[in-house]
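**Q** Here are the chains, one letter per residue:
Protein chains: 2
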Amino acid sequence: MRKELLEDIGEKELINRLGKFMPKDQTSDDCALIKTKNENLLINNDSLVENVHFDDITICPQDLGWKAVVSNISDLVSSGSKKTIGITISLILPEKTEWVWVEELYKGINKALKKYGGIILGGDCSKGNQKTISITALGIQGELKLSRNACSPGEIILTTGIHGLSKLGFMILNKNNFDNDIPLNKRLIKKSIEHFSRPKIYPHFLINLLKTRSNKKITRIGCTDSSDGLFQAVQDLAIASNCKAIMNYEKIPKDKDWPKGDKWDEYYFFGGEDYKLVFSLPKKWARKFSKLDRNVTEIGFFIKGDPSIEFKNKENNKLLKNTPFKHF
Amino acid sequence: MRKELLEDIGEKELINRLGKFMPKDQTSDDCALIKTKNENLLINNDSLVENVHFDDITICPQDLGWKAVVSNISDLVSSGSKKTIGITISLILPEKTEWVWVEELYKGINKALKKYGGIILGGDCSKGNQKTISITALGIQGELKLSRNACSPGEIILTTGIHGLSKLGFMILNKNNFDNDIPLNKRLIKKSIEHFSRPKIYPHFLINLLKTRSNKKITRIGCTDSSDGLFQAVQDLAIASNCKAIMNYEKIPKDKDWPKGDKWDEYYFFGGEDYKLVFSLPKKWARKFSKLDRNVTEIGFFIKGDPSIEFKNKENNKLLKNTPFKHF
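So the protein lines, in turn, are chains B and A.
Heads up, the first sequence is in our numbering, so the first residue is 335 and it goes up one at a time.
Heads up, the second sequence is in our numbering, so the first residue is 335 and it goes up one at a time.
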């Protein structure tokens, strides 16, 4: 049987069906209502375009829905959001898209919202020749202000987890050739695909930051997420905060089966889509945080100097010659 | 000289340049901060896709930017927004797009924001093969709740202006053949093109509603905008409010030079993109409002019955057989 296509459904019925994924009080009108209780909000927008950010070969619509939500909530968390209010979803889809594709996408979206909080506030769908998912997410600002430009010389650079896995997962699913003489460990293959398809975020980041803060006068933290790769994240912090990052190659946490070699370092540093947090804290705070959560690791420090990245061991600097991932 | 293309600029520099259109405190981070003072917010999202909603022949990028903002603010106003906070802009553009196109688009966006209020809260740009402008707008909810499902039998249906002009302007610019034996009036041609290229909204709608309200117990009003045409607006109200609309053909305001005939009625009722408000009020309130503002006209009333539209003079019902504008 031929599967039902969007062009068979028609615009009104399509909007009606999309409405069923939303809470009842959010449907029928052009605008969604957001009730705020004297709290400041954070807003973020992220678009995923077919054959630029994703393709039908490497990712199924349910995983894509999950990832679209995670990438937006990750941005909110990295800016100090203490709670996700919700998201609006703007879809652009070809007429020949199967309805089941949309349904699966929304299943993934709702699974991620169930896991990390937030509701669908609104959604619309337009015709176009390239699938596009554009999500706008709203969160409530917590007690600390997190931004890229708040790092200071002397602070320790930390990250909340291992990088490169998402990139490896992508390459495995895409059947890319990657630099490897020996067969990859099965556990690492499974873990990498999981990281690519269903990335996790660190929702308790803000709570743990507050838990380990000893000096309550500090309310601003330099932070970003590693959606475009660890290198890009550190570089963004260095540029926005106008200081120099010194990275400690030996301390950077890797999966225990992660192969050695320049290519593998490249996958690690420039991979992207790992959605870990990269941030800097005063020494004492950094020690307390990495003691509280063993997945949080000190990977370097900031010093005065031109906005740039260097490794503590100069031999590792050859790594930095690679160009990070580009969309244009 | 070859004009500068997006692919010449590169992603980082592009984001940097887009940042220059924003207020200074809104740049460098992934999220924008919205300060709220214990007020409820309204959020709306609208996407414009090339060759679906616009094309390079009929509209220049500056007008397109203006229209993208206006269509979003119109939705906010129709939901009872008293003030636009700002917008986030998500662009998808082919690599071969000229930078000057983006610049012109943002000029139009900023002109509309200057006129109707609001700032650019954030923006991002991705590569894609079809130009797409997706805007999310945030407004502050005013004293009245405006929604499609709040119309009641016995209420008068009103609209804030003339319809069909935008459609006519589109047809003129697109060099479409339209049903006309005699040459069109020059003033009407100019006015129609203006309505299509730089549509205006009615920012004082809420203020005038409150000014003419005598019964302060009424806090909910049935309302929508006519972005998809007058017929669609009335139908949306009737369906959401579960009542029947009786339209008075003779009372519907037309441009004094608008030609007569079935085709012209079709352009009028199904044209779209006029961004007028269509709403219903109790009789007394309706009289007071249309007396305060002569552009606001009573065009019919709601009665109990199946959600549908009928004309008072049954002869006009043949008009309703036409299908409204569809995106899918």
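Everything labelled a hint here was simulated from the structure, so no lab data went into it.
Do not rely on the hints blindly, as some may be mistaken.
What the hints assert, rightly or not - Here are the in silico distance ranges between beta carbons for each label pair:
id: 1; chain 1: A; residue 1: LYS655; chain 2: B; residue 2: GLU429; range: 19 to 29 angstroms
id: 2; chain 1: A; residue 1: ASN510; chain 2: B; residue 2: PRO428; range: 17 to 27 angstroms
id: 3; chain 1: A; residue 1: ASN372; chain 2: B; residue 2: LYS597; range: 49 to 59 angstroms
To be verified - Computed cross-link-like contacts, DSSO-like style, restricted to lysine-lysine with a CA-CA straight-line distance of at most 27 angstroms:
id: 4; chain 1: A; residue 1: LYS551; chain 2: B; residue 2: LYS346
id: 5; chain 1: B; residue 1: LYS551; chain 2: A; residue 2: LYS371
id: 6; chain 1: B; residue 1: LYS534; chain 2: A; residue 2: LYS461
id: 7; chain 1: A; residue 1: LYS461; chain 2: A; residue 2: LYS551
id: 8; chain 1: B; residue 1: LYS545; chain 2: A; residue 2: LYS430
id: 9; chain 1: B; residue 1: LYS369; chain 2: A; residue 2: LYS461
Claimed, not checked - Derived coverage of chain B by chain A (criterion: at least 3 residues anywhere in the stretch with Cβ under 8 angstroms from a Cβ of chain A; other residues may be distant):
id: 10; segment: 368-381
id: 11; segment: 408-415
id: 12; segment: 534-545
Idealized CB from N, CA, C, for every residue including glycine.
**Q** All hints are to be evaluated individually against the structure, with a verdict given for each.
**A** The hints, checked one at a time:
1. A C-beta distance of roughly 25 angstroms is found between LYS655/A and GLU429/B, which places it inside the suggested range of 19 to 29 angstroms.
2. Checked against the hint of 17 to 27 angstroms, the C-beta distance between ASN510/A and PRO428/B comes to roughly 26 angstroms, which is consistent with it.
3. Hint check: ASN372/A to LYS597/B, Cβ distance near 54 angstroms, so the stated range 49 to 59 angstroms holds.
4. Annotation: proposed proximity of LYS551/A to LYS346/B is violated, straight-line Cα distance about 34 angstroms (limit 27 angstroms).
5. A C-alpha spacing of about 24 angstroms is found between LYS551/B and LYS371/A, which places the hinted pair at or below 27 angstroms, so the restraint holds.
6. Our distance criterion of 27 angstroms between C-alpha atoms is met by LYS534/B and LYS461/A, whose separation comes to about 26 angstroms.
7. As the CA atoms of LYS461/A and LYS551/A are separated by approximately 51 angstroms, the hinted pair breaks the 27 angstroms bound.
8. For the hint pairing LYS545/B with LYS430/A, the CA-to-CA distance comes to about 50 angstroms; that exceeds 27 angstroms, so the pair is violated.
9. A hinted pair counts as satisfied when its Cα atoms are at most 27 angstroms apart, and LYS369/B with LYS461/A does not qualify at roughly 35 angstroms.
10. Only residues whose beta carbon comes within less than 8 angstroms of a beta carbon in chain A count, and the segment 368-381 of chain B has 14; three or more means the coverage holds.
11. Closer than 8 angstroms: that is the beta-carbon criterion, and the segment 408-415 of chain B has 5 residues meeting it against chain A, so the requirement of 3 holds.
12. Residue count for the segment 534-545 of chain B with a Cβ under 8 angstroms from a Cβ of chain A: 0. That is fewer than the three needed, and the coverage hint is violated.
Comparing the model with each numbered hint stated earlier shows that hints 4, 7, 8, 9, 12 do not hold.
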